[in-house]
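**Q** Turn these sequences into a full structure, and let the hints steer you where they fit.
Protein chains in written order, with our numbering: chain Y, 1 to 680; chain F, 1 to 78.
In case anyone wonders, no lab produced these hints; they're calculated from the structure. In this text, all values refer to a predicted model and were calculated from it rather than measured experimentally. From the three backbone atoms N, C-alpha and C, an ideal C-beta is built for every residue, glycine too. Wrong hints could be hidden among the right ones.
To be verified - With the Cβ distance kept under 7 Å, some of the chain F side facing chain Y (calculated, not the full set): (1) A31; (2) P47; (3) G50.
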Amino acid sequence: MNPLACHPRGCSACGLAAVGPVPRVALVGNPNVGKSSLFHRLTGVGVHVANYPGTTVAIQVCETRYKDLRIQVWDLPGCYSLEPLAEDQMVARRALLDARPDVVVAVLDATNLGRNLYLVLQLLELGLPVVVALNFMDEVGRRGLATRPHELVERLGVPVVPTVARLGIGVDEVMEQAVRLHRQVAEGGRRASPAAYTRHVEQAIAQVAEALAPHAETLPAGLPARGGAILALEGDAEVTGRLRGEDWGRRALRAAARAGAALERDHGVPAPQALARERHGLAGSLAAAVIYRNGQPVTRWAERAWQFTADPATGFPLLVAALAAMFGVLFFGGDRLAALLDAAWRAAASPAITGLLHGALGTGALARTLAWGFDAGLNAVLSVGIPYVFVFYLLLALVEDSGYLNSVAFLTDVFMHKVGLHGRAAIPLVASGGCNVPAVLGTRALGTRRERLIASTLACMVPCSARTAVIAGAVALFVGWGAAIGIYAVTAVLVLLAGWAVNRMLPGASPGLVMEMFPLRWPSARTVLQQTWTRFREFLFVAGPIVLIGSLALGALYETGAVWALAAPLRPVVEGWLGLPAVAGLTLVFAVLRKELALQLLVALAAMQYGAGAASLASFMTREQIFVYALVNTLYMPCVATLAVLGRELGWRAATAIAAFTTLLALAVGGAAHAVLRLL
Amino acid sequence: MVPLSHIPNGHPVVVRTLAIGEPRQSRNLEALGIYPGAVLVVERAAPFGGAVMVRVGEARYALGRQVCDQILVEPEAA
Numbered sequence: 001m002n003p004l005a006c007h008p009r010g011c012s013a014c015g016l017a018a019v020g021p022v023p024r025v026a027l028v029g030n031p032n033v034g035k036s037s038l039f040h041r042l043t044g045v046g047v048h049v050a051n052y053p054g055t056t057v058a059i060q061v062c063e064t065r066y067k068d069l070r071i072q073v074w075d076l077p078g079c080y081s082l083e084p085l086a087e088d089q090m091v092a093r094r095a096l097l098d099a100r101p102d103v104v105v106a107v108l109d110a111t112n113l114g115r116n117l118y119l120v121l122q123l124l125e126l127g128l129p130v131v132v133a134l135n136f137m138d139e140v141g142r143r144g145l146a147t148r149p150h151e152l153v154e155r156l157g158v159p160v161v162p163t164v165a166r167l168g169i170g171v172d173e174v175m176e177q178a179v180r181l182h183r184q185v186a187e188g189g190r191r192a193s194p195a196a197y198t199r200h201v202e203q204a205i206a207q208v209a210e211a212l213a214p215h216a217e218t219l220p221a222g223l224p225a226r227g228g229a230i231l232a233l234e235g236d237a238e239v240t241g242r243l244r245g246e247d248w249g250r251r252a253l254r255a256a257a258r259a260g261a262a263l264e265r266d267h268g269v270p271a272p273q274a275l276a277r278e279r280h281g282l283a284g285s286l287a288a289a290v291i292y293r294n295g296q297p298v299t300r301w302a303e304r305a306w307q308f309t310a311d312p313a314t315g316f317p318l319l320v321a322a323l324a325a326m327f328g329v330l331f332f333g334g335d336r337l338a339a340l341l342d343a344a345w346r347a348a349a350s351p352a353i354t355g356l357l358h359g360a361l362g363t364g365a366l367a368r369t370l371a372w373g374f375d376a377g378l379n380a381v382l383s384v385g386i387p388y389v390f391v392f393y394l395l396l397a398l399v400e401d402s403g404y405l406n407s408v409a410f411l412t413d414v415f416m417h418k419v420g421l422h423g424r425a426a427i428p429l430v431a432s433g434g435c436n437v438p439a440v441l442g443t444r445a446l447g448t449r450r451e452r453l454i455a456s457t458l459a460c461m462v463p464c465s466a467r468t469a470v471i472a473g474a475v476a477l478f479v480g481w482g483a484a485i486g487i488y489a490v491t492a493v494l495v496l497l498a499g500w501a502v503n504r505m506l507p508g509a510s511p512g513l514v515m516e517m518f519p520l521r522w523p524s525a526r527t528v529l530q531q532t533w534t535r536f537r538e539f540l541f542v543a544g545p546i547v548l549i550g551s552l553a554l555g556a557l558y559e560t561g562a563v564w565a566l567a568a569p570l571r572p573v574v575e576g577w578l579g580l581p582a583v584a585g586l587t588l589v590f591a592v593l594r595k596e597l598a599l600q601l602l603v604a605l606a607a608m609q610y611g612a613g614a615a616s617l618a619s620f621m622t623r624e625q626i627f628v629y630a631l632v633n634t635l636y637m638p639c640v641a642t643l644a645v646l647g648r649e650l651g652w653r654a655a656t657a658i659a660a661f662t663t664l665l666a667l668a669v670g671g672a673a674h675a676v677l678r679l680l
Numbered sequence: 001m002v003p004l005s006h007i008p009n010g011h012p013v014v015v016r017t018l019a020i021g022e023p024r025q026s027r028n029l030e031a032l033g034i035y036p037g038a039v040l041v042v043e044r045a046a047p048f049g050g051a052v053m054v055r056v057g058e059a060r061y062a063l064g065r066q067v068c069d070q071i072l073v074e075p076e077a078a
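**A** Spelled out as structure tokens, the structure:
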């Protein structure tokens with residue numbers, strides 16, 4: 001869950017090396033300020049030593065070279081402050097305080113300098129060596145603004161480098177400054193001078209720092225006395241917890257309580273708020289000294305387009321149109337592509353593979369079993385993976401990179417509230433249409449465990465691309481479009497009902513939406529393709545072997561005749577309750593490995609019993625049976641990969657509960673659908 | 001003092017009190033620059049009691065309606 005929790009000083013297994021000869025440089029900054037662009041520019045030619053899934057919710061580590069030096073670069077999740085407000089921000093804080101990088105590069109959005117400097121002030125308070133990268137300098141010019149970076153250098157005592165990370169401008173200079181700062185710090189030289197607050201606040205800090213100073217060496221996370229004092233005044237849970245364990249620490253906490261009370265008397269707000277206000281005030285005055293207007297702003301298409309997506313009058317129709325377009329491309333385009341690939345496989349690869357198998361092993365049960373895996377199985381990976389999964393990932397990456405989901409979150413907040421979530425949860429829920437695994441990881445950005453539980457439960461019920469493949473490939477093809485849309489409609493209603501019910505059942509309430517809105521940007525081809533490929537590669541290398549092994553196993557069971565004996569115990573539920581053939585139930589059991597496996601195995605079974613050809617599934621099961629089958633497959637227990645990530649992220653109790661709940665729901669709804677369809 | 005949710009679009013207001021029970025939410029807003037004394041402008045509100053979009057300096061935030069109920073503001077003195 002947290003790469004640093006188990007070994008606070010770093011560990012080679014995590015890729016976060018302990019203090020050593022390789023300087024470790026962490027990129028920190030608010031969300032969406034170009035950290036990842038800078039990371040890719042810095043490490044473009046480097047070797048990946050670790051890559052945690054979900055770039056925005058975990059740490060990416062990469063080793064690179066600058067001149068003759070090896071340098072390790074960390075890309076941390078975006079955060080507005082160093083308080084652990086959500087899990088992704090906790091990850092950033094852990095990396096900075098526990099693994100303590102040698103140099104921190106604070107990446108700032110120069111067009112919104114005041115808010116961005118808030119984080120820099122915090123970093124300096126905590127005694128971290130900081131290089132400032134003043135990013136988006138091109139955008140500064142477009143807004144009719146200009147900067148005086150030297151003001152920042154003089155007032156904070158930190159190196160400042162203007163950059164346009166997206167275009168690689170200033171990137172080498174950032175590295176140069178980071179290396180120089182690392183050397184200066186190692187030689188015990190340079191220390192930044194944390195800016196001073198107003199008198200009352202400085203007095204309060206000094207009172208606590210005095211109590212901490214004699215023990216500064218033993219403060220947690222190498223904090224300086226002043227930094228420890230500020231965290232104690234802010235009531236930081238981690239620092240106060242550690243101080244409570246020592247006699248001198250308890251004295252310091254008493255000093256903090258007294259100083260905090262005095263501060264509250266003087267400022268009329270609690271001490272943490274007084275400090276936040278001071279820090280914003282200081283950041284604001286620094287920003288005012290650095291940024292000035294020297295021209296007229298240019299209104300860009302992105303701003304106009306953004307207004308269009310966020311304005312409810314145009315935004316809601318656009319949302320419906322965007323969803324319809326996505327499914328249209330997926331269903332119509334996907335089907336064409338699937339047919340093409342399938343035909344190509346049958347024409348070229350299939351004869352070669354079966355020829356090879358028959359040549360080597362004859363036409364016995366072993367050769368036929370291997371053909372299940374290496375012919376039918378691999379074909380399934382190809383003709384389901386590329387048309388539905390790849391195309392979906394491509395569409396998702398386009399939508400994500402454009403920033404459109406931000407507007408979706410704003411518009412849908414009110415509906416998400418009905419199910420105990422807020423608008424930000426719309427982002428992982430949309431992502432779960434591609435795959436539930438990154439969606440569950442993506443819920444880390446939600447503030448509370450309660451929200452994560454609800455969002456993860458619902459994400460597991462959203463048909464992922466594999467289940468969509470079954471719906472498109474079986475229901476849409478053999479039953480009709482209306483029935484396929486019907487499965488989505490039933491699922492959508494169930495997701496809403498489940499959200500409503502879980503929200504009622506779980507104690508507490510979910511906090512409201514607080515989310516920054518960003519302008520749209522033109523998706524970058526490079527980022528979109530990179531993101532699509534990263535996800536699709538996961539699919540190929542994780543799903544590929546599972547489908548292969550699953551097909552081989554079912555093939556062996558089928559060829560030996562064991563399949564009928566195994567299917568027998570399922571008969572009461574599958575035949576009696578759902579009205580499906582018992583062996584179809586067996587394919588549903590296998591589909592826990594991969595959801596699209598259900599259809600692949602079913603088609604293979606049908607082909608074995610009734611001969612090849614597209615019509616075989618229709619002769620194997622009735623239209624009603626295909627509908628019930630796809631409905632149950634869509635709803636019941638998430639696949640093993642999702643279960644594993646649920647267990648890791650939320651604990652095994654939650655994972656088991658979600659699996660049990662969805663399985664029971666699938667059986668109930670499937671049985672009801674069977675009963676209703678029989679009456680019609 | 002009135003809740004931010006009662007403020008019509010386009011009016012600058014000064015935050016007076018964050019009447020938020022959940023301390024993490026309050027700290028979150030403070031880090032974003034929504035703290036007593038900060039100036040906000042409501043830009044638009046989603047229908048059906050949906051989220052409210054506010055501008056704070058150069059940044060824009062979407063705030064859920066019940067978050068806005070807990071942010072008490074006063075019109076900015078001209």
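**Q** Hint by hint, note whether the structure agrees.
**A** For each hint, the structure was consulted:
1. Of the supplied interface hints, the one on A31 of chain F holds, with its beta-carbon coming within about 4 Å of a beta-carbon of chain Y, less than 7 Å.
2. Checking P47 of chain F against chain Y: minimum C-beta separation of about 5 Å stays under 7 Å; hint holds.
3. Given hint, G50 of chain F at the interface with chain Y, holds; its Cβ is 4 Å from that chain's nearest Cβ, closer than 7 Å.
In summary, this structure violates none of the numbered hints.
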